Amino acid sequence: MAALPTMRQLGCLRSLIKTQEAIQPQLARRFISTAYSQRPQRVPLPQNLPEQFLSQLPTRMLPENAPKPIKVYTPPPSARKACKDPIGKVTELQLETLDPKGERKALFDYRRNPRSIKPGDIIRVTFKNGDPFNGVVLSIKLRGIDTSFLLRNELTRVAVEMSVKVFNPNVQSVEIVQRAQRKIRRARLYYMRSRKHDRRSVENVVNAYVRQKRAFMGGGKR
Amino acid sequence: MIQLKTLLTCIDNSGASVVECVNVLKKKRPATIGDRIVVVVQKQRAAGSEGSSATALASKVRRGDIRHAVVVRVKKELQRDDGTVVRFGDNACVLVNKAGDPIGSRMNGIVGQELRGKKWSKILSLAPVHV
Amino acid sequence: MPPRLPGKLLQLSLSLRDIQLTVPRVPVRTFGIRSLNPPKPSRFNNNPGLPVLESTSTAALRRKANSLPLRTGAIGIKKGMTAIFDAETGKRIPCTVLQLDRVEVVSHKTREQHGYFAVQVGAGWKHPSNMPNSLLGHFSANGISPKRHVFEFRVKDESGLLPVGQSIHANWFQEGQYVDTRSNTKGKGFAGVMKRHGFHGQDRSHGVSLTHRSMGSAGPSQGGGSRVYPGKKMAGNMGNTQNTVQNLKILKVDTDAGLVVVSGAISGPKGCVVRIQDAIKKPWPEIASAEPVAAAAA
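Residue numbers (full-length UniProt numbering), protein chains in the order written: chain H, 1 to 222; chain G, 1 to 131; chain W, 1 to 298.
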């Protein structure tokens with residue numbers, strides 16, 4: 001059958017119509033055996049049932065066997081909320097005895113304290129056993145209780161580096177011998193390990209400082 | 001970190017100037033300050049310039065001698081009990097005999113304090129400075 | 001088999017006695033055909049005087065008596081590491097900070113009911129809506145708020161069973177005593193044999209292609225049974241397994257903040273759950289001084 005061109009264009013609709021026809025009867029189709037019936041609704045137990053009828057009920061339906069709401073107890077006060085920063089707390093507890101006035105902390109807190117020791121300064125550390133160690137400060141690491149500074153010096157023509165913990169109880173005193181001569185633009189002066197930039201020995205500077213200090217102290221005493 | 005083939009400077013007046021480690025004694029890890037090692041003398045100290053008395057001293061060891069030595073300085077950083085970290089600019093040792101007494105009579109150069117804890121106080125007392 | 005030996009000897013002597021003594025003394029009248037062989041004693045060890053069996057739960061408890069702590073432990077959360085300076089000697093001791101958060105005794109395990117003595121301890125808090133009803137009921141039956149972490153700590157006998165509901169504070173541990181800590185190690189995921197078991201791997205060159213880090217052969221050939229033996233070390237999941245670190249010293253205790261500072265390192269990442277109990281390889285701490293403090297705190 002030759003369809004007209006206009007009919008052909010309408011032909012695309014035919015498939016649409018066909019599918020609708022195919023689905024609709026299937027939805028409506030029912031057989032006797034599968035007749036849809038609604039699920040019987042559970043008959044609720046009549047409230048305020050007289051007591052003489054309770055014996056007829058199964059035990060699980062007895063009012064005293066009904067599920068009880070679980071009682072939830074309130075928790076005790078939380079230690080986690082009381083102390084949110086345990087590491088900081090332990091550090092604090094220690095600093096109370098190691099650095100009660102906070103002087104040492106301020107002396108090395110080069111980010112906040114403008115008068116603190118800075119990389120490039122020459123300092124002198126005296127330990128409890130009497131040994132001194134002098135050197136240029138290469139770096140200061142601010143790490144709470146493990147705050148430390150790195151000193152470099154040359155003793156008997158051998159370079160010696162020593163990293164000392166600031167709050168170490170073996171450290172008796174820290175003195176600034178000489179401030180950095182020029183403004184230093186870096187926080188870590190590891191370039192001073194290279195031969196070109198090595199400061200070499202600072203013993204001369206420190207010896208002069210010690211002599212001066214001794215003369216001053218001695219003069220004051222007299 | 002002194003191990004096989006490490007070159008060390010010898011800082012006593014036994015006559016050796018550069019020695020090479022050939023064995024680390026009593027431990028399976030690289031040697032550090034206070035450890036005993038076996039060394040081969042690689043370079044003798046220039047003896048001629050110092051006169052005849054120096055040559056007598058310098059003849060204690062010769063190039064190629066195999067000797068025991070104690071490490072006194074290391075480049076590898078060492079942490080102490082109080083958290084202080086020390087490191088030196090070179091690796092150095094002192095020659096000792098089999099009994100553990102230093103061969104040289106003088107030492108020139110700084111040594112590490114760890115020698116005391118490891119029963120080398122004799123070497124420590126010979127040294128001009130210790131850190 | 002040493003336990004059987006005395007029994008067998010007994011049997012021998014018994015059977016000899018049977019032949020010599022019982023036959024003439026008891027006149028048993030027999031009819032029909034009589035066996036020439038006297039009845040043999042049972043081949044099973046069922047006579048009196050046998051050694052007590054070592055495979056019972058009672059024997060197991062007796063064996064463990066010396067290695068079970070007298071008192072319960074606590075659940076802590078690893079908060080990180082820091083260091084403590086000893087003011088006298090100037091020593092710096094690296095340490096781990098643990099926090100005890102609302103640690104309470106949840107229930108008991110007893111010999112009669114469960115076969116062993118243990119204290120069930122809970123820590124933290126979990127929202128009841130995130131908890132199954134069965135668990136919620138367990139907590140509420142014991143009168144305790146819902147706990148996030150629940151663990152058992154075995155104790156030697158009933159004297160170590162703390163009353164249910166009692167809080168365990170940081171002062172449960174004394175400064176200077178030693179503890180064992182259990183926690184899960186950091187998970188490393190699926191790891192190869194070189195990382196997981198420390199194998200040497202294979203050559204970089206010499207004709208090896210594409211198998212530089214693999215394990216090589218998994219076992220011997222026909223002489224060895226042509227099979228892979230059980231327990232062969234292979235690639236697989238590494239870490240995230242329980243690890244016990246023994247004999248750690250308690251350096252500091254802060255009851256208000258619930259802090260316990262323990263010397264040295266503890267397995268696992270920050271925030272992991274750590275079980276702390278008295279060290280079994282050190283003398284038990286003096287409990288007399290610890291108990292009143294805990295009771296007062298509760």
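Mixed in with the good hints, there may be bad ones.
Derived pair list, reagent style DSS-like, types lysine-lysine, alpha-carbon separation capped at 25 Å [claimed, not checked]: (1) H:K196 <-> H:K105; (2) H:K71 <-> W:K109; (3) W:K186 <-> W:K233; (4) G:K118 <-> W:K233; (5) H:K81 <-> W:K91; (6) W:K91 <-> G:K76; (7) W:K91 <-> H:K105; (8) W:K109 <-> H:K84; (9) H:K68 <-> W:K64; (10) G:K76 <-> H:K141; (11) G:K28 <-> G:K60; (12) G:K28 <-> H:K128; (13) G:K75 <-> H:K196; (14) G:K60 <-> G:K27; (15) W:K186 <-> H:K105; (16) H:K84 <-> W:K64; (17) H:K101 <-> W:K233; (18) H:K81 <-> H:K141; (19) G:K75 <-> G:K122; (20) H:K84 <-> W:K249; (21) W:K232 <-> H:K89; (22) G:K5 <-> H:K128; (23) H:K89 <-> W:K233; (24) W:K186 <-> W:K232; (25) W:K126 <-> W:K64; (26) H:K118 <-> H:K128; (27) W:K126 <-> W:K109.
Just so you know, the hints here were simulated from the structure itself, not pulled from any lab data. What you are looking at is a predicted structure, and each value in this text was computed from that prediction instead of being measured.
Each hint, compared with the structure:
1. H:K196 <-> H:K105: Given pair H:K196, H:K105 is violated - Cα atoms ~33 Å apart, limit 25 Å.
2. H:K71 <-> W:K109: 23 Å, holds
3. W:K186 <-> W:K233: Judged against 25 Å, a Cα distance of about 20 Å means the pair holds.
4. G:K118 <-> W:K233: 41 Å, violated
5. H:K81 <-> W:K91: 32 Å, violated
6. W:K91 <-> G:K76: The hint holds at about 21 Å.
7. W:K91 <-> H:K105: The given pair, whose Cα atoms are some 20 Å apart, holds under the 25 Å limit.
8. W:K109 <-> H:K84: Violated, at about 34 Å.
9. H:K68 <-> W:K64: This hinted pair is violated, its Cα atoms lying about 42 Å apart.
10. G:K76 <-> H:K141: Distance of about 20 Å is within 25 Å: holds.
11. G:K28 <-> G:K60: Violated, because 30 Å separates the two Cα atoms, which is more than 25 Å.
12. G:K28 <-> H:K128: 35 Å, violated
13. G:K75 <-> H:K196: The hint holds at about 19 Å.
14. G:K60 <-> G:K27: 28 Å, violated
15. W:K186 <-> H:K105: With Cα atoms ~35 Å apart, W:K186 and H:K105 exceed 25 Å; violated.
16. H:K84 <-> W:K64: 40 Å, violated
17. H:K101 <-> W:K233: 58 Å, violated
18. H:K81 <-> H:K141: The hint is violated at about 30 Å.
19. G:K75 <-> G:K122: 23 Å, holds
20. H:K84 <-> W:K249: Answer holds: H:K84 to W:K249 is near 24 Å, not above 25 Å.
21. W:K232 <-> H:K89: Not satisfied, since the Cα-Cα distance of roughly 47 Å exceeds 25 Å.
22. G:K5 <-> H:K128: With Cα atoms ~39 Å apart, G:K5 and H:K128 exceed 25 Å; violated.
23. H:K89 <-> W:K233: Since the Cα atoms of H:K89 and W:K233 sit roughly 44 Å apart, the hinted pair is violated (cutoff 25 Å).
24. W:K186 <-> W:K232: 23 Å, holds
25. W:K126 <-> W:K64: 34 Å, violated
26. H:K118 <-> H:K128: 24 Å, holds
27. W:K126 <-> W:K109: Status holds; Cα separation ~23 Å.
Hint compliance for this structure: hints 1, 4, 5, 8, 9, 11, 12, 14, 15, 16, 17, 18, 21, 22, 23 and 25 are broken, all remaining hints hold.
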